[in-house]
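Engineer: Use the sequences and the hints to build the structure in full.
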Amino acid sequence: ETAVFQTPNYHVTQVGNEVSFNCKQTLGHDTMYWYKQDSKKLLKIMFSYNNKQLIVNETVPRRFSPQSSDKAHLNLRIKSVEPEDSAVYLCASSYLGAYEQYFGPGTRLTVL
Amino acid sequence: GQQVEQSPASLVLQEGENAELQCTYSTTLNSMQWFYQRPGGRLVSLLYSPSWAEQRGGRLTSSAASNESRSSLHISSSQITDSGTYLCAPGPNTGKLTFGDGTVLTVKP
Numbered sequence: 001e002t003a004v005f006q007t008p009n010y011h012v013t014q015v016g017n018e019v020s021f022n023c024k025q026t027l028g029h030d031t032m033y034w035y036k037q038d039s040k041k042l043l044k045i046m047f048s049y050n051n052k053q054l055i056v057n058e059t060v061p062r063r064f065s066p067q068s069s070d071k072a073h074l075n076l077r078i079k080s081v082e083p084e085d086s087a088v089y090l091c092a093s094s095y096l097g098a099y100e101q102y103f104g105p106g107t108r109l110t111v112l
Numbered sequence: 001g002q003q004v005e006q007s008p009a010s011l012v013l014q015e016g017e018n019a020e021l022q023c024t025y026s027t028t029l030n031s032m033q034w035f036y037q038r039p040g041g042r043l044v045s046l047l048y049s050p051s052w053a054e055q056r057g058g059r060l061t062s063s064a065a066s067n068e069s070r071s072s073l074h075i076s077s078s079q080i081t082d083s084g085t086y087l088c089a090p091g092p093n094t095g096k097l098t099f100g101d102g103t104v105l106t107v108k109p
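If you read the sequences in order, they're chains A and B. This note's numbering puts the first sequence at residues 1 to 112. This note's numbering puts the second sequence at residues 1 to 109.
Hints in this document: simulated from the structure, not taken from any laboratory. Incorrect hints may have been included.
[Claimed, not checked] Dumping the calculated BS3-like pairs for lysine-lysine here, alpha-carbon to alpha-carbon at most 27 Å:
hint, chain 1, residue 1, chain 2, residue 2
1, A, Lys40, B, Lys108
2, B, Lys108, A, Lys41
3, A, Lys44, A, Lys24
4, A, Lys52, A, Lys24
5, A, Lys79, A, Lys41
6, A, Lys71, A, Lys36
The structure presented is a predicted model; accordingly, all values stated were derived computationally and were not measured.
Structural biologist: In structure tokens, the structure reads:
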């Protein structure tokens, strides 16, 4: 099956903990993205990687750090989570020049 | 940065009625992608247009007027299963998508 996969589906943690989310795409794309969707369903770009290279880095807190081992994988680590980090984190992929993006199912993070 | 606005914020239709959703943006763009999302569901791409051309997909049509920085999504003969949130995302050169706030569509029997 060719698609964008994310793990875990849900994660509940406490303030100050570290969390990691994984994303894998089997579509053969060379660019991957992390978006944050808040409780009001507002979607905002966080990071974008092309062939393991960071190409988009929006203004996000420094506790967020993306990691890419190859063009098919993009992970997101959050050190010392805060309550405002509660959201759904969506991973997407595309070809760099095509702009049509395909999204994963998301990881819902709840920070208590 | 680019501003994207969608209207209406919410829309209630009777099954079978047509819908027109609007997306306006602040800069010249290269592409438009429309998405659909059920509550708690995956973001699903509906239509993608690499230029300001009309795109059709079944009961959906996306059209744009480049000189007006506005795009519309037309849904014909709405069905109850069309209920959900519709998001537009104009695409700039960098490839990152900037999303509108969405239109929540409710189709009633």
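Engineer: So, for every hint listed, does it hold in this structure?
Structural biologist: Against the structure, the hints:
1. A:Lys40 x B:Lys108: holds (23 Å)
2. B:Lys108 x A:Lys41: holds (22 Å)
3. A:Lys44 x A:Lys24: holds (20 Å)
4. A:Lys52 x A:Lys24: holds (13 Å)
5. A:Lys79 x A:Lys41: holds (24 Å)
6. A:Lys71 x A:Lys36: It holds: about 20 Å lies between the C-alpha atoms, which stays within 27 Å.
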